[in-house]
Amino acid sequence: MKMDKHTGMTLIVKMITRVTVGFMLVFGGYIVLFGHITPGGGFPGGVMIALAYILITLAYGREFVEHKVSGVTASIVDDLGALLFWTMGIIGLYVGGRYFFNFLGKGEPFNLFSAGTIIINNIAITLKVGMSLYAIFLALAILQRVVTEEEPKEDEK
Amino acid sequence: METVIILHILLVFMIIGSIITVEIKNMLSAVIAMGAVGFVLSVAFLFLGAPDIAITQIIVEILSLIILIRATINVDNVAIEKKEEIIFSNRTTLIFIGVILVFAWYAFHSLPPFGDPSMRVSQFYLTHGLREVGATNFVTSVILDFRAYDTFGEAMVLFTSISGAFAILRRWKKEQHKDFLRIDREH
Amino acid sequence: MDILLPFFVAIPVFSAIFMLIVGKWEKRIFPRVWSIITTASLVVLLIIIYNKGTIVHEVGGWKPPYGIVLIKDNLSMLMLIIVNVVAFLTIIYSFSYITRYEDYLRFFSLFMLMLAGMNGVVLSGDLFNLFVFLEIASIASYALVGYGVGAEELEASFKYLILGVLASTLILFGIGMVYSVTGSVNMADIARFLINHPGNRAVLMATGLFLLGFGLKAGLVPFHAWLPDAHPSAPAPISAMLSGVLIKVLGIYALIRVSYHIIGITPLVSQIFIVIGCLSMVVGALMGFGQDDIKRLFAFSSISQMGYVMVGIGLGTPLGIIGALFHLLNHAGFKSLLFLSSGAIEGETGTRKLSLLGGLREKMPITSTSSVVGALSISGVPPFNGFWSKLIILLAALKAGNIPVAAILVFTAFLTLSYYLRFQKNAIFGEVRKKVEGAREAPIPMVAPLVLFAVFCLFAGIFNNSIITNIIMPAQEILLDQQAYIMSILGSM
Amino acid sequence: MTLYFLDFFLLTVGLYALIAKRHIVKKILGVAIMEYAVNFFLILIGFKKAGIAPILTKDMDIATFIQTAVDPLPQALVLTSIVIGLGTLALMVSIAIRLYERYGTFDMHEINRLKG
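Protein chains in written order, with my numbering: chain S, 3 to 159; chain B, 493 to 679; chain R, 6 to 498; chain F, 61 to 176.
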C-alpha cells in the first residue's frame, strides 16, 4: 500500500480509518447475509459497504482507491447487480409461472439458507445499491465529472 | 403509555430542528440541523418497533449528509440570505398551509386511533410468513417475497436517479475540465 | 397469456441495463439500434395481447389482496397503445435527432427506463406499486428534460424536479392515509372496503392530496408552472413524450383510476374536475396566444387540451368519457407530431421563434405539410380526428345540460383555432425568411414518424366510429363499472 | 391523533421551505424534511400498542408473536420510500452543482432574472 503523505487527510484520520474500515465491511456483510433473520437487509448493508469505500477515499485521496475500485468498475458492478435482480424475476416467471416466484427451497427458519431466493435478492440489491452510491459519490465529490471516456490521465489535483 | 410521551417529545424536537433548518442563515449549519432531525427520526423509529428502518435511516442519513455538505461547503452560502425575502410569496404560502392544517385537523380525527392499526392484510403476512417464506424477519419477507416487484421497482428508481445524475454531471468535450473548486478561488 | 404482462416492464428495464453494460465499448450505433429493437418488440407484444380481454397476473404467486397484481383491462389497454406506439415512433425520430448531443448512451437508457415506468404505472393494480413506477418515470423525465446541460435546461429541469418531488410526497401521504383507514394497498381491496364503509373524512383528505399530486403531474392549471418551462428546453423527442404521453399516464390516467375505481366518483369530485378542466382550457389557450417560441405555444396548448379531457371526465356521462378518452388518444397523436416537427424545424433553421420563421413550405415540404395536418387536427377542423373528439365532448356537455361549460368549450375551440392559424401563417406559409434560406428537408428517420402521425390523424378522423367502438367504448364501459373492476381482481364483492 | 397532526405540521414546514425559500439548497433541505415527515407518518400508522418489532427470535413462541407484532407492511413501504428519497436527493444535488457552475449563484430569483 503506497502510503504517500500529501494526499488525503492527516495521519490520525488515516490510522482510524485503517481500523474502522475492517469493522464496517464485516458488519455490512453480516447485515446483508443475515438480512432475513435479524434486522437489516440489502439496502442498509449495501450502503454500509459503500460508506466503507467512501471513508477510504476521503481519508486516503482518490488515487489510492482508483486502482482498487475505479468509477468505471463501480458502475459495471452496479449494472450487474441490477441484472442479477432482474434475472431472479425472470427465473421465477419461467419456473413458477409468476413474476418473482420464490422457487428455491425454504429450509427451516433460523439458519442461513432458510428463505429461498431472498438471500440472492439481498446480495443483488447490495451490489446494486452499494456500487451505484459509491460511483455517484466519486462523481459528485471528487472528480466533478463522470468517468465516461478514458481521457489522458492528467492529474486533477 | 410512555412511548407516546417520548414520541411527542421527539416529534417536537424534530419540528424545532426543521424550523431551525429553514430559517438559519448559514447553509452549512442548516445541513447539520437537518442531519440532527434525521438522527432523531431514526431514534423514533426504534421506539415504534422498526429496527430495519432505523438502521436504513441512519445509514442513508450519513450518506445524504456527505452529499449535501459536498454541495454547500465551498460556495457562498451566506451571501444569499442578506437580501430580504419577497413578502408576498411567503404570506400566500403561509395562508395556504394554514388552510390545509385546519382541514387536516378534522380529517385526522377519523383515522383509526394511534396504536391499533386495522392490520387486515398484514395479519396474513405474520401468520403465513414463517411457513410459506421461511424468513424470521417478516419485514424482509414482505419486501423480498410478498412484494418483491415493489423492491424491483425501487431498485430501478435508484438505478434511474444515479444514471440520470451521471447524465447531468457529464462534461461536454468543448468545455475545458475546469475544476469546480478552482472556480471559487478565482472569484 | 398472463405470463406476457410482466414483460412490458421487464423488456425496457433489461434493454436499459444491457445498453449501459455494452456502452462501455460501443457508444454510437448500438444504443440507437437496441432501443428500436426494444420498442418494436413492445409494439409486437401489444398486438399479441390486444383483444384478449381482462388479464390478471398475480406477482409472486400470492392471491390479490396479499401480493401485487398486474391487471390489463380495456382502459389500461388504451393507455398501453398510446404509450408504446408513441414511444416507438419517437425512438425512430431520435435515431438521427440525437446526433446533436455527444452522449447517446444515457439518453436511450433513461428513455427505456421512462418507458418501463409508464408501462408499470398503467399495468399496476396496487396503489403503492403505482407510486413506485410513477417515481421511476418521473425521475427519468427530470434527467431527460435537463439532458442538454445548458443554462436554462438545468433551471427548467430543477423547477420540474422540485414540483415533481412535492407531488410525489403528497401522493405518498395520501396512500398512507388510505392504508391507515382501509388496511390494504391493493386498489380493488380498497374499493371494496370503501363501498362498505363510505363517507370517511380521512379518505376525503386523501382524495384531495391525490388530486393535488396527480394534478401537478398532469400540469393542470393551478399547478402548471413547470410545463411551459420544461418543454422549450427539453430535447424534441422528450417534449413529445412528456406532453404526448407522460402527463396523460402519470396525471390523467392515475387520476381517473383513483377517482373512478378506488375511491368511487362523487358529485363533489366530478364538479372539481369540471372546474379544473375549464380553468386549464381557458388559461392554457389565453397564455398560448402571445407566445413567440413554438414549443412554449405547444406546451400551453397541451395544458388547454388536457382541460378538455378533464371536462369530459368530470361530466361523468358515458358520452363525456368516450369524448375524453378519444381526445386523449388524438392528443397523443397530433401533439407528438407538432413537437417532433418543431424539433425538425429547429434542427434545420436553428430557431424556434415565430418572428424569425417563414415560408417553410418550400424548404421543408414534408415537415410543413405534416405539421399543418397536426395544427388543423388540434384546432378541430372537420376531416381530422380533433374535430370528432371535441364535438363528442361538446355534445356530452350539452346533453348534460351544462350550458356554461359548453360555451367555454366553444370559446376555447376558437382560441385554439386562432393561435394555430397564426402558427401556420408565420412559420409555414408566407415568404421565405433569412433564417429559413439554408434549411432543407430533415433526414428520413425524422420525417417518417411525422408522416405516420399525420396519417393517423387523418385516418382517426375518417374512421372515427370504428376506433371508438373497438378501443374507446370498451375502455369507457370498464371505467364506469367499478364492480366489474373489483370482481375481475378479487372475484367477490 | 396529535402525533399525526404534529407530523403533518412537520410536512408543512418542509412544504414552506420548498415553496417560499429562494436558496436552492434550502429547497433541497425542504424536500428532505418532507420525506422525513411522510416516512414517519407511514410508520406511525403501523404501530400497535405495546407492539414488538416483527422479527421472530428463538425464545419467542409464534402465537403471542403474531398478536403483539407491529404491522410489517408500512415498514416495507418506508424502506422503499427512504431509498427513493436518497435517489432524488442525489439527482437534486447534481443539478444544483451544475446550476451553480452555470449561474454562479444558488438564488432561484437571480437565476430566473439571468435566464431572461
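Keep in mind that the hints are not guaranteed to be accurate.
In silico lysine-lysine, DSSO-like type, Cα no more than 30 angstroms apart, as pairs [claimed, not checked]: (1) R:K32 with B:K517; (2) R:K358 with R:K439; (3) S:K70 with R:K32; (4) S:K70 with R:K29; (5) R:K358 with R:K440; (6) R:K68 with R:K57; (7) S:K108 with F:K118; (8) S:K108 with R:K439; (9) R:K430 with R:K368; (10) R:K358 with R:K430; (11) R:K68 with F:K108; (12) S:K16 with S:K70.
It should be emphasised that the hints constitute simulated quantities derived from the structure, not laboratory data. This one's a predicted model, so the numbers in the text were calculated from it and none came from an experiment.
Right, here's what the structure says about each hint:
no.	hint	verdict
1	R:K32 with B:K517	violated, 46 angstroms
2	R:K358 with R:K439	holds, 13 angstroms
3	S:K70 with R:K32	holds, 25 angstroms
4	S:K70 with R:K29	holds, 19 angstroms
5	R:K358 with R:K440	holds, 10 angstroms
6	R:K68 with R:K57	holds, 22 angstroms
7	S:K108 with F:K118	holds, 18 angstroms
8	S:K108 with R:K439	violated, 74 angstroms
9	R:K430 with R:K368	holds, 15 angstroms
10	R:K358 with R:K430	holds, 13 angstroms
11	R:K68 with F:K108	holds, 25 angstroms
12	S:K16 with S:K70	holds, 17 angstroms
Hint violations for this structure: numbers 1 and 8, all remaining hints satisfied.
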